[in-house]
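Take the sequences, apply the hints, and build the full model.
Chains as they are written, first to last, in my numbering: chain X, 1 to 154; chain G, 155 to 461.
Treat each hint with caution, since some may be false.
Per the computed footprint, the stretches of chain X lying under chain G, defined by three or more beta-carbons under 8 Å from a beta-carbon of chain G, are [to be verified]:
id	region
1	28-38
2	99-112
The calculated label-pair distances, taken between Cβ atoms and stated as ranges, are [to be verified]:
id	chain 1	residue 1	chain 2	residue 2	range
3	X	D16	G	A397	46 to 52 Å
4	G	G329	X	H46	49 to 55 Å
5	X	E65	G	A450	39 to 45 Å
6	G	P156	X	G140	46 to 52 Å
7	X	D16	G	S454	56 to 62 Å
8	G	A371	X	P114	52 to 58 Å
9	X	P114	G	D306	32 to 38 Å
One side only, chain G facing chain X, incomplete, derived with CB under 7 Å [to be verified]:
id	residue
10	V203
11	H220
12	S427
FYI, nobody ran anything at the bench for these hints, they're computed from the structure.
Glycine is no exception: its CB is placed at the ideal position from the N, C-alpha and C atoms.
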Amino acid sequence: MTTQALPSALAAIVDDFQALSEPERLQLLLEFSEGLPELPERLTNHPELLEQVVECQSPLFLTIETEKDGTAGTGTAVRLFFKAPAEAPTTRGFAGVLHEGLDGLSAAEILAVPDDMPELLGLTRAITPLRMRGMTAMLGRIKRKVAAASGASA
Amino acid sequence: MPYPVEQNEKFAAYAHPERLVSTEWLASALESGAVANGELVVVESDEDVLLYETGHIPGAVKIDWHTDLNDDVTRDYVDGAAFAELAASKGISRDTTVVIYGDKSNWWAAYALWVFTLFGHQDVRLLDGGRDKWIAEGRDLTRDKPAPATGDYPVVERDDAPIRAFKDDVLAHLGKPLIDVRSAEEYTGQRTHMPAYPEEGALRGGHIPTAASVPWARAAAEDGTFRSREELDAIYLGEAGLAAGDDVVAYCRIGERSSHTWFALKFLLGFESVRNYDGSWTEWGNAVRVPIVKGAERGSFPVAVGV
Numbered sequence: 001m002t003t004q005a006l007p008s009a010l011a012a013i014v015d016d017f018q019a020l021s022e023p024e025r026l027q028l029l030l031e032f033s034e035g036l037p038e039l040p041e042r043l044t045n046h047p048e049l050l051e052q053v054v055e056c057q058s059p060l061f062l063t064i065e066t067e068k069d070g071t072a073g074t075g076t077a078v079r080l081f082f083k084a085p086a087e088a089p090t091t092r093g094f095a096g097v098l099h100e101g102l103d104g105l106s107a108a109e110i111l112a113v114p115d116d117m118p119e120l121l122g123l124t125r126a127i128t129p130l131r132m133r134g135m136t137a138m139l140g141r142i143k144r145k146v147a148a149a150s151g152a153s154a
Numbered sequence: 155m156p157y158p159v160e161q162n163e164k165f166a167a168y169a170h171p172e173r174l175v176s177t178e179w180l181a182s183a184l185e186s187g188a189v190a191n192g193e194l195v196v197v198e199s200d201e202d203v204l205l206y207e208t209g210h211i212p213g214a215v216k217i218d219w220h221t222d223l224n225d226d227v228t229r230d231y232v233d234g235a236a237f238a239e240l241a242a243s244k245g246i247s248r249d250t251t252v253v254i255y256g257d258k259s260n261w262w263a264a265y266a267l268w269v270f271t272l273f274g275h276q277d278v279r280l281l282d283g284g285r286d287k288w289i290a291e292g293r294d295l296t297r298d299k300p301a302p303a304t305g306d307y308p309v310v311e312r313d314d315a316p317i318r319a320f321k322d323d324v325l326a327h328l329g330k331p332l333i334d335v336r337s338a339e340e341y342t343g344q345r346t347h348m349p350a351y352p353e354e355g356a357l358r359g360g361h362i363p364t365a366a367s368v369p370w371a372r373a374a375a376e377d378g379t380f381r382s383r384e385e386l387d388a389i390y391l392g393e394a395g396l397a398a399g400d401d402v403v404a405y406c407r408i409g410e411r412s413s414h415t416w417f418a419l420k421f422l423l424g425f426e427s428v429r430n431y432d433g434s435w436t437e438w439g440n441a442v443r444v445p446i447v448k449g450a451e452r453g454s455f456p457v458a459v460g461v
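Listed below in structure tokens is the structure:
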């Protein structure tokens, strides 16, 4: 698998990770954890709208919304929302990568992302395969929700 | 050289008060320069591999339970050579006083302390209350990573037998006290993993026959510190029915939560023979023909065949 198969924002993130040494990759993941946007108020007040990814070691909740007049150009834009505690920077970091890499894309673009994309970040050894499973599960959950939402509107 | 032991009323009631330090004690040790000059090495050990990077106690080094202490091929801990290299790189020599702290009431810190003990490291202590108490008290944190002078650590062969039980040891132990430190749902067999944690693939649910259920966190108070001697006695001697001099095995899912209970039984209550079964439920729940009890009752041993 190469980064050519990925949407451009995600490909750029993967390239950034791959250009770094292992300790620097961890530092970059920490920066992503700090860059994860807060939930908008309408979701903070309605935690039941978020779905928990139980495969993550720490509590991680996510949901998606679709925007009819999105910026994707090629149809409906999918917006991603994540919630994870500050005490779980690894989980937040994964969420930050997926947010920056996928937020605002079309359903088709998100569904085309390979399931094993997290492996491309080169973090498996530094983080351990056990922890990487959480990120793979997060991507899987997003794709399932996107598929369900686009199927329903089709 | 061992660093002086903390004296206070709470710790004095424990069997081995030298195994704990308070946040006040550590703060004054930091002020005195004992960490900066390498007399005392402070180690942070957390569940999340990046939590240390978000801010840690000034001068503290990081040891990750998974990437540093587990062998990356065999399901086992690192060997003597790898441990010596790890310790030395963190500024730890064989006679260094090490204080370990971490998140979640020192759950992972106790696990790291247990692995240090497998290698016979003499002076290793826990910071009572761990990371959360330090932060709650508004004490200093930093993102600066120390670059400690390399320690002098010999290659020591790991001595598992006194504090580590394998599956066959547990089978031979049946009939003597066992403490299951998992959640009630895991104990009864309703589920095979922690609520909200990854499914790690145990084929069967339940507990080892006769094991008493004492979830690990009961040993910790609200602020993450260990409960008092009196409270711990009431839980483990009273409710769980342990008696002085018992030979005890503790287990959980992979041996981390039970390290916390192992610490409480061994060093706070003074049980001489306490072993942690690190294979725990991820091994027992998959092993062929080992006896299992489902439900809230402890069950009996020997187990009646065919029941």
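How the hints compare with the structure:
1. Evaluation of the coverage hint for the region 28-38 of chain X: fulfilled, as 3 residues show C-beta separations to chain G shorter than 8 Å, against a requirement of three.
2. Proximity of the region 99-112 of chain X to chain G, defined as three or more residues with a beta carbon under 8 Å from a beta carbon of that chain, is not established by the 0 residues found.
3. D16(X) and A397(G) have their C-beta atoms about 60 Å apart, which leaves the hinted 46 to 52 Å range violated.
4. Checking the proposed 49 to 55 Å range against G329(G) and H46(X) shows it holds: the Cβ atoms sit about 53 Å from each other.
5. At roughly 43 Å, the beta-carbon separation of E65(X) and A450(G) lies within the given 39 to 45 Å, and the hint holds.
6. The hinted window of 46 to 52 Å between P156(G) and G140(X) holds, with their beta carbons roughly 51 Å apart.
7. Here the CB-CB span from D16(X) to S454(G) is close to 59 Å, well matched to the stated 56 to 62 Å.
8. In this structure, A371(G) and P114(X) break the distance hint of 52 to 58 Å, their C-beta atoms being roughly 40 Å apart.
9. For P114(X) and D306(G), the Cβ-Cβ distance of about 48 Å falls outside the hinted range of 32 to 38 Å, so the restraint is violated.
10. With a cut of 7 Å, the hint placing V203(G) at the interface with chain X holds, because the nearest CB-to-CB distance is about 6 Å.
11. Here the hint on H220(G) is kept, as its CB sits about 5 Å from the closest CB of chain X, short of 7 Å.
12. The beta carbon of S427(G) is not positioned within 7 Å of any beta carbon in chain X (closest approach about 31 Å), and the interface hint is therefore violated.
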